[in-house]
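Trainee: From the two separate chains plus the hints, produce the assembled complex.
Residue-level listing of the chains:
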Amino acid sequence: MKRIRGLTVTLVAASLAAAACASPGAHGEVLVSTASSLADAFEALEVAFEAADPEVNVVLNLDGSSALREQILAGAPVDVFASADPANMDAIVAAGDTDGEALVFAGNRLEIAVPAGNPAAVAGLEEFARADLLIGLCAVGVPCGDYGRQALEKAGVVPSVDTDEPNVRALLTKIEAGELDAGIVYVTDVIALNGRVEGIVIPDEQNVLTEYQIATIADGPNPAGSTAFVNFVLSPEGRSILEEYGFVAP
Amino acid sequence: MTSKSTSPRRRQQPPIALVILAVAGIAVFIVPLIGLLARTPWRDLPALLTSDVVVDALRISFIASIGATAISAVLGVPLAWLLARVEFPGRSIVRGLVVLPLVLPPVVGGAALLFALGRRGIIGGPLHQMTGLVLPFSIWGVVIAATFVAMPFLVITVEGALRNLDPRFEGAAATLGAGRWTVLRRVTLPMIGPSLAAGLALAWARALGEFGATITFAGNLQGRTQTLPLAVFVALETDRGAAVALSLIMVVISLTVLIVLRERWWRPL
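Protein sequence lines correspond, in order, to chains A and B. The numbering of the first sequence is my numbering, which starts it at 1 and goes up by one. The numbering of the second sequence is my numbering, which starts it at 1 and goes up by one.
Chain B with its partners taken away, still in its complex shape (with noise of 0.2 Å):
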């Protein structure tokens, strides 16, 4: 809930400098959509959408950014709580770590996963040897890039909720008798429920827009690891209609996202 602005302040006429570079500020937005929309071929847009090529990337994306977005919620949920909660020796660091994907270009968090999970990877490697699993080249690569670099959004969304959360509530209700799990399920997961839902919102849609780490890590191939944003990239040098309509689409996604999560972002503080 917001609250009513009561300044009594009157309605002053804004500095003209100021609203021109403003207008120019919403044209970098505007510019580059405009440019998209005047190159679609809306008439051959119900075919572009349902050609292999597009069918595919999106079985892709979706089982990808869905598959990254609940594992971001099985391991990123109680390493929020680990970070909000618990003193532990290194806990910046801990926290510096869980960032870093958010800055780092998600090529070198591709060229990273192909070195440490790859067949000849520190990790990947004994993992073929004893599995024979391959993990580059496969859906699940494209997975794990995909949650490399959206569980961040998850953990620092959670971690904020649980921070602002009055532990008292919780305290009040361990001395009702509730045991800790119970605590956790009934009273903290409810109460951070709305910034939950927004982490994974914003996980699921990072996910879904992952490139870099995705072509480096898991390489490139149509109906088992190219998504979205991958077929994009190809198609813009094959068949530009074909990439207009999966960029279309991805602007659909998520212009959806952003009007799920106007509750939170859109309404001024």
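In isolation and in its complexed conformation, chain A is listed as follows (with noise of 0.2 Å):
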């Protein structure tokens, strides 16, 4: 039930977990890298794995999946690493880092989101041009950014950008405070925030369908619990917990 940030604490826990974990079987603890804008569906993913199995304990460690991939290149005892695109996984099944391929779990769609209230009247995609407005984006090699920027050229708009952000959540929180007046984000995203946050409907021509993929990583400290977490997220269970949280079905 712990959510922690820091990797250097992770690394510490993971270690002392991998140590413990004398016998095989699902218990211990499991450290999953996620992508931040995941973040809401795997805790609640999390205590439902938690409860059905007492003996895992997942500890989520949540990032910019390009941030994650860095971390998980760099020899992290990670587990389980779930992306918010294939580019990121890519990388890391590329580099040998995972066992077998990566399974796509979910999708997402992009949504503009403006502050409550929409104070600069913010209807689409054609007003990121506009130099007067605020317009934050997620960087590029952030999946946020990337998906944002496909949009952005389905549109043929050339947004003019005031500030590139290192993930959607840090977005999220300057639009929430009405420093910027938009800015392209995940449908799921504008749901979690519950009306601080206000959405724009992206129409499908200009939208893109992203896709969350899920992998082992090889190596990684808790092998069996690994394995029962991907199983759980793939799960008839899983995939309903994804779906109240608005990612659809891949």
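Hints are not guaranteed to be accurate.
As the list claims (entries may be wrong) - So the derived label-pair ranges between C-beta atoms look like this:
#1 A:194 with B:126: 26 to 32 Å
#2 A:205 with B:240: 48 to 54 Å
#3 A:194 with B:240: 35 to 41 Å
In short, the hints are calculated from the structure, not lab data. Given the structure is predicted, the values throughout are model-derived calculations rather than measurements. Note that beta-carbon positions come from the ideal geometry of N, C-alpha and C, so glycine has one too.
Mentor: Here you go:
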């Protein structure tokens, strides 16, 4: 039930758990590197999984997928990687750091997020070209940043960007505070913020269907636990939790 | 000037356990630098150092750090003088507030700046309505974030120097007919000159390295608000070579500051 952001802490915790895990079987700690946009859904998955299997303690390491990728490539003792896009997962698979193939477990759509009340009266992606508005995107390389730019390209809009945020939650914080007029986030983020930001639909012809992938990490400290957790995420029960949070079936 | 040791103690063999721990202590500082140098793409370095990202980040960093140092000097020296020389109620509270940014996580400072000076902030709101000026996501935001974290270094350094200054020098100048402004300009400031210089250098170095308050308050946009540390952070996930090149620049600058200040810190007391 712990939610630890700092990798140093999790490194120590994971190595302790590995040491305590003398016999195989699904128990002990499972360190799941989770894309920021999955935070709420994976916290719910964690609670449900631990209720069904109290022997296992799932620990979420939340950050942008690109930051998580770098940690795994640098040898962090991670058990499971849940990536917000195929590109960051491909880098892990190509480096031989996964057990077998990555599996697509959910999809998401993009939406424009504006502060509550939409003070700048943003109506669509076209207005991202306006220099008088304060526009934020996720940085290039972060999935929400790459997807957002794909949508803008589809809409034929060259955006007048004021800040490239390191992950989707950082972007949402500034939109929620009213410091940015608009940004491109996931549909699920707008649902999660529950009225603290407003969503403006991006039409299908401009939108992007995003793909979340999950894989167990080769030589992770807890192979039995990680397999059990991944199976749970892919199970009907796991899928229904993801759908509760607005994710779509792959 | 340091006094020469005249202690009659003979050289002793240091305890081996202490030496081992001390060497481990050195390793804490050396190992990360070795890691950085080992990953440096030396052959691509000239191209990386002249790339747009690096040149833009250097420019923003120098403008912001020099701007923050200048503001720190203009506001910080009078503040240090007030704290050192004037008894007023709540002085220790003011001193505590001045030192706060030294221990506060910079990201907290950045959030506080956003709530105060952002477009919807308690001061930023009226400012925006009256002048149309928006501080976040602009070079002004970067300068303010850097000033917030850097000025304490200047204030505490100068305040310490003013406290250690023998007031009789200033008294003597005054009895010889010098006005208060003349005393400040011709006696006080020259006598605390070395400390002032050290305070400025420290403030500048801190402003240059500022990250958390900047990304939280001023955002991150290449050519407008992206400083060297922000560029390193973003490049780590997209272009490792550029990240290492930028990191090397920061190491070289930091080492230069230390060498400039070695008279003050490296000499044993």
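Trainee: Please go over all the hints and tell whether each is borne out by the structure.
Mentor: A quick look at each hint next to the structure:
no., hint, in the structure
1, A:194 with B:126: 26 to 32 Å, "holds, 30 Å"
2, A:205 with B:240: 48 to 54 Å, "violated, 36 Å"
3, A:194 with B:240: 35 to 41 Å, "holds, 38 Å"
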